[in-house]
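Next come the chains, spelled out residue by residue.
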Amino acid sequence: MQPLLSGKRVLVTGGSRGLGRAICQVFARQGARVAFTYNKNEAAAAEVLETIAAEGGQALAERCSVLDAKGTAALVKRLEADWGGIDVLVNNAGITQNLPLALLEEEDWDLVMDTNVKGAFLSSRAVLRGMIRRKEGGVILTMGSLAGVRMLEAPIHYCASKAALVGFSYALAKEVARYKIRVHCLAPGLLEGGVGIKVPDHRLKDYLDNCALGRLGTFEEVAELAALMASDRASYLSGEVVVADGGL
Amino acid sequence: MTPPESETCGVTDARNVHRTFTFTDDAANREVFHSFSRTTCGECAKLIDGMRVIRDGQVFLKKNCPQHGKQEALISGDAKWFLRSLQFTSKGSQPHVYSTEVKDGCPTDCGLCPDHEQHSCLPIIEITNHCNLECPICIVQNRHNYEMTVDEFRGIIDGLIEKEGTLDTVNLSGGEPTMHSQFMELLDIANRPEISRVSISTNGLKCATDYAFCEALAERNTYVNLQLDALDLPGLQSLRGSGDHATLKKKALLNLEKAGVRTTIVSTVAKGVNDHQIGECVKLLLENDFILSLMFQPAAYTGYGGRHFLPHDPKNTITIPDVVREIETQTEGQFVQSDFMPLPCSHPGCFGLTYLLKTEDGYVPFPRFLDLDRYIDAVENRGTMRPDARLEGAMRDAIDDLWTSQDAIPDSEKILKTLKGAIRLMYPEDEALKIEERVRRGEGVVKTIFMHAFMDLHTFEVDRIKKCCTHYAMPDGRLMPGCAYNLFYRDKDPRYGGEIGSTEIWGAAEESQGTRLPTAAE
Chain A
24 MQPLLSGKRV LVTGGSRGLG RAICQVFARQ GARVAFTYNK NEAAAAEVLE
74 TIAAEGGQAL AERCSVLDAK GTAALVKRLE ADWGGIDVLV NNAGITQNLP
124 LALLEEEDWD LVMDTNVKGA FLSSRAVLRG MIRRKEGGVI LTMGSLAGVR
174 MLEAPIHYCA SKAALVGFSY ALAKEVARYK IRVHCLAPGL LEGGVGIKVP
224 DHRLKDYLDN CALGRLGTFE EVAELAALMA SDRASYLSGE VVVADGGL
Chain B
7 MTPPESETCG VTDARNVHRT FTFTDDAANR EVFHSFSRTT CGECAKLIDG
57 MRVIRDGQVF LKKNCPQHGK QEALISGDAK WFLRSLQFTS KGSQPHVYST
107 EVKDGCPTDC GLCPDHEQHS CLPIIEITNH CNLECPICIV QNRHNYEMTV
157 DEFRGIIDGL IEKEGTLDTV NLSGGEPTMH SQFMELLDIA NRPEISRVSI
207 STNGLKCATD YAFCEALAER NTYVNLQLDA LDLPGLQSLR GSGDHATLKK
257 KALLNLEKAG VRTTIVSTVA KGVNDHQIGE CVKLLLENDF ILSLMFQPAA
307 YTGYGGRHFL PHDPKNTITI PDVVREIETQ TEGQFVQSDF MPLPCSHPGC
357 FGLTYLLKTE DGYVPFPRFL DLDRYIDAVE NRGTMRPDAR LEGAMRDAID
407 DLWTSQDAIP DSEKILKTLK GAIRLMYPED EALKIEERVR RGEGVVKTIF
457 MHAFMDLHTF EVDRIKKCCT HYAMPDGRLM PGCAYNLFYR DKDPRYGGEI
507 GSTEIWGAAE ESQGTRLPTA AE
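First to last, the sequence lines map onto chains A and B.
If you're matching positions, the first sequence starts at 24 in the working numbering and goes up one per residue.
If you're matching positions, the second sequence starts at 7 in the working numbering and goes up one per residue.
The hints are simulated quantities; they were obtained by calculation from the structure and are not laboratory data.
Hints are supplied without guarantee of correctness; some may be wrong.
As the list claims (entries may be wrong) - Incomplete in silico selection of chain B near chain A, CB under 10 Å:
1. Glu-107
2. Glu-398
3. Asp-406
4. Lys-440
5. Asp-469
To be verified - Calculated cross-link-like contacts (lysine-lysine; reagent style DSBU-like; alpha-carbon spacing at most 30 Å):
6. B:Lys-498 with B:Lys-76
7. A:Lys-141 with B:Lys-76
8. A:Lys-63 with B:Lys-440
9. A:Lys-228 with B:Lys-76
10. B:Lys-364 with B:Lys-426
11. B:Lys-76 with A:Lys-63
12. B:Lys-426 with A:Lys-228
As the structure is a computational prediction, the values presented were derived from the model and not from experiment.
Note that the Cβ used here is the ideal one computed from N, Cα and C, for glycine as well.
Using the sequences plus the hints, can you model the full thing?
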């Protein structure tokens, strides 16, 4: 059977660590050409490139904040020139801060909302310009969170940003459907090494007690699901929020 | 006629009966019966009945031994503190396994028996009874003839984990524990995932003279409880025997700081000897980041100290509220009595404490911004703060209170800023931390002042020992409540039987042979 993403040209934001790294590696393993951005950690980005190369995949990395609109647009333009287009954008870059309402200051709110929501908007806008022009379809896959779709004990700015991405994905799916561009939101629950590392231990226990599978997810598991959603095998899936939480 | 002023304290006991105590001016001026107690004769250690009375604003324990007659001992230097402290009694937590049965009643069934009302917050393992100091105030009786085997030690650690599941702290003591010939091996055995921290109680001589030893402690994340009664005091030899203790402690502190060893200062306070140095010890705590906590231990007159620190008057000693009063006076009101409270997990007569939050402008005691009920809940059944559900709940309440009452609570903005910084430190955005690492990071912004009052034969009370959470862990599996062991079991412990051995006593050697400590430059 042909790999899921054979021949696909993919841009992943925030690909040097955690879930983004797993997405890059799984997508490359599934036959995609992968470009990813990273914000600070050059060494981690180099590791991802090495891993993908060792597995026979193709990838390139570019240091670029998702809040850098010009930089993002320039990267997209260059990729389109080199590759002839981008088929899949994965809006993965995001941050959180484990702060209660009383300690949340305006700059904290702005930083999280900007990175998580505005960043997805800027990257999507840059990529959609070419996707729409080429009229070959495409996929915008945005990483949400269980915290954006369920009532959880989690920082409100983070939850608000992830909920915003749900609305963003719904509206965008409708707007670009006429160009055969599918838009999804994938909302993971707690993952080993993910935002769960900031969750106090007693809340982790609470999560595990209520999770049908009784364990945290892994980056790999979510990345495999993301690959399926980005592939042509999910061709009738659009405007969907898929929750991968082990059964809560 | 104007009625006397009164102060009322309420307490709900284990049977859920609410009782109220009223402290009146009248009670301050004459002797008032408070309650019955089961105690010991100060001479022969026989268990006898006693009663607590309030007189002159203090609380005394009165008793009458058939053989040695009437006796009296001070058990609280502040009757109001004593009455208030009764509100803090909380139900204890039970160990998973008991080692003895109830047979003849407390304190003769120790080990723990099912009648004991608290688990082990702090197990102490005495790994040797050799000591290179001969302190006149020492509460144990070192016979210099015992060293615990590695197998015995491993068995104790296994047993503690079986009984408790997980432990906040295990303490290695002695004697002088650093004299054990396989000391580092024992530390490595105690470094188990079920044990959050391993501490040692030391006189500091090894730390002062062997910097590599301090580095080895730091590598193992070992906490050091350094015995230090005062920094510079000519009369210190009356507590610690011969030798230049001031230089010893300063060098030990230098080495511990340089090596990055997290340190607790343990100060034994004897009335009229070093109680005027309490403020200096607090200053030492506040001025040094590597010193996490300060423990004041009002002197108990038992063991070696019972015979060598004489004469002393049991009616004129220093107690926990006296230490608190001295802290208030000697810090010129930086910390006040209301900043301190008894530790609910033990008997309120045994422990007092406060936590201090480090802000950019100094230290703020937790009770000034944390609701007291939630605060009690947070420290119940242990002496250390851990970032668990109860502490999170208490802290979130505190944060909301501070935020919504910023004009009413002094320093609220600074406290909030500190708490925000602490949260970011303990829950970083890109790093997975174990709970122990979170605790360690939290230690950078929180310091603790403890007071731990040991009992001697004059002050021993059965209801206090039943709530004891400081236990000696024995090779035979028993956990002996500290004061019960020191008063009734230590002299019969077969480990310490036989001929008394010998150890070179540091201070004596210094005087007779010119032994000296290296200077800081060395």
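Hint check results:
1. Interface restraint check: Glu-107 of chain B against chain A, minimum CB-CB distance 35 Å, threshold 10 Å, status violated.
2. At its closest, the beta carbon of Glu-398 of chain B sits 6 Å from a beta carbon of chain A; the interface hint therefore holds under the 10 Å criterion.
3. Hint status for Asp-406 of chain B relative to chain A: holds, with the closest Cβ pair at about 5 Å, below 10 Å.
4. With a cut of 10 Å, the hint placing Lys-440 of chain B at the interface with chain A holds, because the nearest CB-to-CB distance is about 9 Å.
5. At about 33 Å, the closest approach between the beta carbon of Asp-469 of chain B and any beta carbon in chain A exceeds 10 Å, and the interface hint on this residue is violated.
6. At most 30 Å may separate the alpha-carbon atoms for a hinted pair to count; Lys-498 of chain B and Lys-76 of chain B meet this at roughly 28 Å.
7. With a C-alpha separation of about 82 Å, the suggested pairing of Lys-141 of chain A with Lys-76 of chain B is violated against the 30 Å cut-off.
8. Under the criterion of a C-alpha separation no larger than 30 Å, the hint pairing Lys-63 of chain A with Lys-440 of chain B is consistent with the structure, at around 25 Å.
9. Taking the CA atoms of Lys-228 of chain A and Lys-76 of chain B, the gap is near 58 Å; set against the 30 Å cutoff, the hint is violated.
10. Taken as a hint, the Lys-364 of chain B and Lys-426 of chain B pair is honoured in the structure, with Cα atoms around 12 Å apart against an allowance of 30 Å.
11. Distance check on the hinted pair: Lys-76 of chain B and Lys-63 of chain A sit about 77 Å apart at the alpha-carbon level, beyond 30 Å; violated.
12. For the suggested pair Lys-426 of chain B and Lys-228 of chain A, the alpha carbons sit about 24 Å apart, so the restraint of at most 30 Å is met.
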